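*Asks:* Read top to bottom, the protein sequences are chains A and B.
Just so we're aligned, residue 222 is where the first sequence starts under this note's numbering, counting upward by one.
Just so we're aligned, residue 222 is where the second sequence starts under this note's numbering, counting upward by one.
Honestly, the hints are just simulated from the structure, not real lab data.
All figures in this text were calculated on a predicted structure; none of them were measured in a lab.
The C-beta atom is built at its ideal place from N, Cα and C for all residues, glycine as well.
There could be a bad hint or two in this list.
[What the hints assert, rightly or not] Some chain B residues well away from chain A (every beta-carbon gap over 10 angstroms; in silico):
(1) H226
(2) A275
(3) L435
(4) E549
(5) K554
(6) G556
[As the list claims (entries may be wrong)] Listed next, the stretches of chain B that the computed footprint assigns to chain A, with coverage defined by at least 3 CB atoms under 8 angstroms from CB atoms of chain A:
(7) 475-486
(8) 505-516
Number of protein chains: 2
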Amino acid sequence: MKFHHQKLRRFTQSLFEAMGCPSADAEVVADVLIAAELRGIPSHGLMRVKDYYAMVKAERINTSPQVRATYETPSTATVDGDNALGPVAAKKSMQIAIEKAKVAGTGWVATNNSNHYGIAGYYSMMALEHDMIGISLTNANPLVAPTYSAERLLGTNPIAVAIPTQNEPPFIADFATTPIARGKLAIKSKLGESVPIGLVQDKEGSPSSNPGILEQGGAILTLGGGGVDLGGHKGYCMTALVDIFSSVLSGANFGPFVPPQVAYLPLLEQSVGKGLGHFFGAIRIDAFRPAVEFKKSMDTWIHTFRTSKSADFANPVQIPGDNERKTETAYLKDGVPVISKIFDELCEIADALNVEQL
Amino acid sequence: MKFHHQKLRRFTQSLFEAMGCPSADAEVVADVLIAAELRGIPSHGLMRVKDYYAMVKAERINTSPQVRATYETPSTATVDGDNALGPVAAKKSMQIAIEKAKVAGTGWVATNNSNHYGIAGYYSMMALEHDMIGISLTNANPLVAPTYSAERLLGTNPIAVAIPTQNEPPFIADFATTPIARGKLAIKSKLGESVPIGLVQDKEGSPSSNPGILEQGGAILTLGGGGVDLGGHKGYCMTALVDIFSSVLSGANFGPFVPPQVAYLPLLEQSVGKGLGHFFGAIRIDAFRPAVEFKKSMDTWIHTFRTSKSADFANPVQIPGDNERKTETAYLKDGVPVISKIFDELCEIADALNVEQL
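Construct the entire structure; sequences and hints are all you get.
*Replies:* Structure, rendered in C-alpha cells:
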C-alpha cells in the first residue's frame, strides 16, 4: 500500500510524541525516517520505528535530551548527544556546524553519546541551501572484519557528502564504506541465494558466499574484499577513518564497543566512551571561491561524467544521488510504498501508544 | 646498491638547485622524494626526478614560483601554486592549514595551479608534531573509469590521513582510492603475469586480466571493481570526491582535464581550471577534546585492532602505516636501495646539469 509522505510524517511524529519526545524532536525523527523512505532506503526508514520504540521502552534512549556543545573553537564543537534518539542529536550537531561555517569558513562537529541516526545523507544535505558542502559520518555496530582479521571490529560506517550545483541536481554521495549492507544480505539469505566471493567471510575468516553467514559469527568484508589483492586494505582504511573521526575525536565508543542499537541485544560489558558517535562538516563554498563559479564548475563536472561513453547501453554513467532523486520524485507524486509487515508493526505500535492509526 | 638517506637527499637537492630552483625549494622536493624512498614507495621517489626534470626543461613547470594564498577565511585558504613543482606548492599549503588550525581549531587549504606532489602522506604527517590530524588529497592524471563508463575520467586520487597517538606509532593511512596503482600494473605486465578480474577493464569497458591493458586504451577500475556487485560504485564516489575537493573547490582542472605530469605527453587542448589540484586539512585535536585523552584513546584503538584474532597466522592484523614504518626503520639504518636503472638515470641527469655524481 502507498501513503502520502505528509501523512506518514505526521503519523510517525505522533508515535514519537506518544513515546515522550517533545514535539520538535518527534518532528525531526519523523522527517529523517520519511526522508529515507522517499529516497528509496527503507532499511533506514519506518522499519526503524520498532527498534527505536523498543530502545525507548527499555529506557536505553533518553526522550528528553539536552543536546549541547560541551566544547568549542571558532571552527569546531564537541556535542554531547545526551543519549538522544540519533536524529535529534545529529540534526542539532549539523546545525552547529553550519553556524560555525558562516563565521569561520568551515564548521566541524564531533558528537558523542548518541544513537543510530538514520540516513547519513540527511544531515549532509542540510548544508546545500546555505551554499555549503555538507559531510556526515557515523560509526555503527561491529559487523565488519578489518583486513586479515577474523573478528568483527567495525561498523558499515557510512560517508555522506552533499555538494551544491547551479542547474544540475546536487551531487549527493551517501554510502556505507563496506561493499554491501546488512539489510541486503538478509534479503539474499531469505531468498536462499548465494552472494559472490568478496562480500563476506565465515567466523574463521575464510571467504564465504553464504549471505546468512553473519548469523554464524561471520563478518562483512571491507570495500575491496578480503586480503589485499583487490584493495581490501584500502577499504579497511576508509571504514577505520570513519570510526576514528566519529568516536575517538568525539569521545564516543569506537569499533567493537559501539553499543547495540536494538533492545534485544544486551548492553556491552566494556565501554571506552559515551554512546555511539558521529562527525559532521560544513564547508562554505565561498570560503574558497565565489559560489556561482564553483557551482557552474560542478555542473560541468557532472555533465562531463554523465555524457561519457558507457560500457553498457543498459547502464549509463550515473552521478551520486541520481537513483535516490528518481525515487523521491516518484514517491512524492504517487505516494510512498509501505510493505505489509512494516504496516502491521506500525499499527501495533500505534495501538500500544494509543495513537490514531495510519 | 644502497645509499645513506642524507647523501641521497643532498644529491637530489643539488639536482633541483641546478635546474634553477631556489635552495629552499630544492630541499623540499628532495625531502619529499626521499621520504617516499624511505617509506618503501619508490614509484613516488627518485624515479620521478627524470619526469620532473623533463617537465622543467620543457618549461612546463615554474622553478621560481611565488606560492601564495589568494583568498582566506579564518579556517580556509585558496592557494595559487604558481605552476610550482608539486611538493613546493603542497608543503606551503599544508603549512598554511596548520597555522589556520592553531587559531581557528581547523585549517583547510585548496590548492590550484600545481603539479604532481609525490606521496600524499608526507603532507598529512606534517600535522603530527602539532598534535593535529593531517589530511592530504590530490587529483591525478585520468586512468580510472567511473562505474559503467568505458572512459578514463579520474585519477588514482589518493587520500592520506595521519593521526597522532600517545605511545603507539601514529596511524598513517596513505592510499590511492583505486584497487591498484599504475606502477604495480606495469611491473606485472613486464613479468608477463595476469591480474585478477576487478582491477582493470579494456577500452570497451569489459573486464580484463591483462595488466598491460592501459596501453591499449583500457582503464583502472574503482575500488570494489567494475559494476556494483562488489561495491564499485562506492569506490567511484570516493575517487570522485577526492577529485572535486582537489579541483572544483580550488579552481584546478578536474578529472579528464588534469594536465599530463610527464613531458612526453602533449598538453591537453581543453582546460577547465589552473593546473592540477590538491586539498589539505589540519585538525587540532584539542579543538575537540584534550590531546592526551585523544591520544591515549587512539592507543587503545590500535591495541584493540592489532591484537584481534587473525584469519591467518602469516598475516596478523595491521594498522595503517605499519609496513611503511618497518621499511623506514630498516632503510634509515642500512641505507636506501636504488635500482641500477634509476641510478643510471640520476647519473645522466647529474652529468647534464654538471652536478657532482652520487
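*Asks:* Can you name, in rising order, the numbers of the hints this structure does not satisfy?
*Replies:* Checked against the structure, no hint fails, so every one of them is satisfied.
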